[in-house]
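K.L.:
Here are the chains, one letter per residue:
Number of protein chains: 2
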Amino acid sequence: MSDIIRIVIDTIGGDNGSAVCVKGAVEGLKNHSNVKLFLTGHKAEIESYLSEYEYDKSRIEVIDCSQEIDLNEPPVQAVREKKDSSMVVGLRLVKKGEADAFISSGSTGAILAGGQFVVGRAKGVKRTPLAHLLPTSGSPSLLLDCGANVDVKPEVLLQFAEMGSIYMQCVCGVDNPRVAIANIGVEEEKGNALVKKAYPLFRDSKIINFTGSIESRAIPFGKADVIVADGFVGNTIIKLYEGLSKMLLRELKGAFLSTVRSKIGAIMVKKSMKKTLQKFDASDKGGAPLLGLNGLVVKIHGNSKDGEVTSAITQCVNFVENDVTAKIIKGFENSEE
Amino acid sequence: MSDIIRIVIDTIGGDNGSAVCVKGAVEGLKNHSNVKLFLTGHKAEIESYLSEYEYDKSRIEVIDCSQEIDLNEPPVQAVREKKDSSMVVGLRLVKKGEADAFISSGSTGAILAGGQFVVGRAKGVKRTPLAHLLPTSGSPSLLLDCGANVDVKPEVLLQFAEMGSIYMQCVCGVDNPRVAIANIGVEEEKGNALVKKAYPLFRDSKIINFTGSIESRAIPFGKADVIVADGFVGNTIIKLYEGLSKMLLRELKGAFLSTVRSKIGAIMVKKSMKKTLQKFDASDKGGAPLLGLNGLVVKIHGNSKDGEVTSAITQCVNFVENDVTAKIIKGFENSEE
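Quick note, the sequences are listed as chains A and B, same order.
Residues in the first sequence are numbered from 5 upward in steps of one, following this note's numbering.
Residues in the second sequence are numbered from 5 upward in steps of one, following this note's numbering.
It is worth saying that the hints were derived from the structure and are not from the lab.
It is possible that part of the hints are untrue.
Identical copies carry no separate label here, and so any pair may be met within one copy or between two of them.
Once the Cα atoms are required to be at most 27 Å apart in a straight line, the calculated DSS-like pairs of lysine-lysine come out as [said to hold, decoys possible]:
1. K289 <-> K227
2. K194 <-> K250
3. K87 <-> K194
I would like the entire structure built from these sequences, with the hints used as guidance.
P.N.:
Next comes the structure, spelled out in structure tokens:
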């Protein structure tokens, strides 16, 4: 594909400032010769960081923005009112077709609101789910929806499954992804009303490789490539994953530091432990995509460094080169026949 | 309180056979002079194990049962049809008022069904939740409902909160327990329709000390004493807790065994690690209570040993001595005024 892929990077809102966005952007250009980047934010600051690097100046455009969206602002209001914020300016480029994808480490709420209200849903898409790659003892699983939509209908869950499956196949290279529905038992009669109604829709879908229900205890073992849940359950899963991992590792660290003997032992296991824990970092696969929009919107962690920005650029390239949006729209046309 | 507390122990269905039930029962008698125990199951086998111990024979009664409920049987049907199973015989003793509490390591589904259909709900109780003590980096938190009821109404969640609060106060000795509702954000406007409707009911309840919403990432840090969720969300939390802990510890073990250096280090950290992990075992507080019945039904782990049986006896004693059922009924009378 020879077309230029145009990606916006919102340089405001991350814990590490715009410097990491600039560094990650320049690295991304090196990896992909067909990419052009827009950096939204404080122009003088961005250009000052850019001046530290050698790069093709025609491939990065800096767009000055006079406003910032704060993490603590009510998201919908912020997106509506701050039209010259780095986020809204970037999202509007996608809306107008001047960019294909948008990356931000800013407020998740504002990114969700902006994706829906500024960029807008693709044809046939009922709701736009936020997806996250969960690290597991096997390969990472895509969990969606992670909190963009609560109280959804069964047909919406089916669309999540279909979008997630296309994403995993096209962007993460998983062949015929195993799609499971998050449930409280593996038997077909299990579940709440929503899951019970969604189950037969999943089973009958021609787009997905449905492998049935998955209990949350099996999720960490990588038993599915795509895990579908409503936004309340998905958000509960992703945040518990984060909190429990953090707590257990903190407690173990405390244990290691508790005696002289364990301190010495800790030094000896450190390298192997680090190697294992690195396996659980899925950020080399990019950030969390908001799916089903007219373009791709990616939320990266607030504490992202340049490596995450570069990975997100690759994620956007894979998404665009594989025509994911078109495949999603086509899938939904067929399913509505 | 001088009355005799009568507790049934179902000796069938656990992974470790009836021997651990017998051993735990005899130990329980030593701890509590006011307890009488009924052991349901295979009489000859139970008596053979009992003959190994010295105990007051008037305080243990063995009841022979000709049937067993299997883990894989459809629970409702099993409870209805197997009237001479160790579980149904035991539950009927509670129903008839001949026993105060029932302990089993058998099929969770059958225990839930049996609790509701055989023992029956206490006056004013809409639904009977299964509660679990979650280990945290602070003190354990009671999570309910862990899967007995999906698709509930807001008033039902409120009852769960009230029952959980009374339980934590009376059985676990937590003063003025902090009650939180499982949610996807801490702001009052967050949540799905159920949580949004339940929130003001929680806030206005005079029975509980409501501290607001808890996000699942905060659960492992012990930020609440009682955490209320519908059975789908609660089941998702408890099973993810179990699965993720197991996966992470297994991966770490793999890391420890990966090199000679890490193997030696592992030996040196082992003791401190074990001490830390023991903190996360809440089984000394008893099993999972099914609340809101005319009596107490406790589900202990399938792999329980005698220690868990003994702890569950203490849990039943605390429950009965503190008149928890009466307090629940009284609480609901007041709340309906």
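K.L.:
Which numbered hints are broken by the structure, listed smallest first?
P.N.:
Those not satisfied: there are none.
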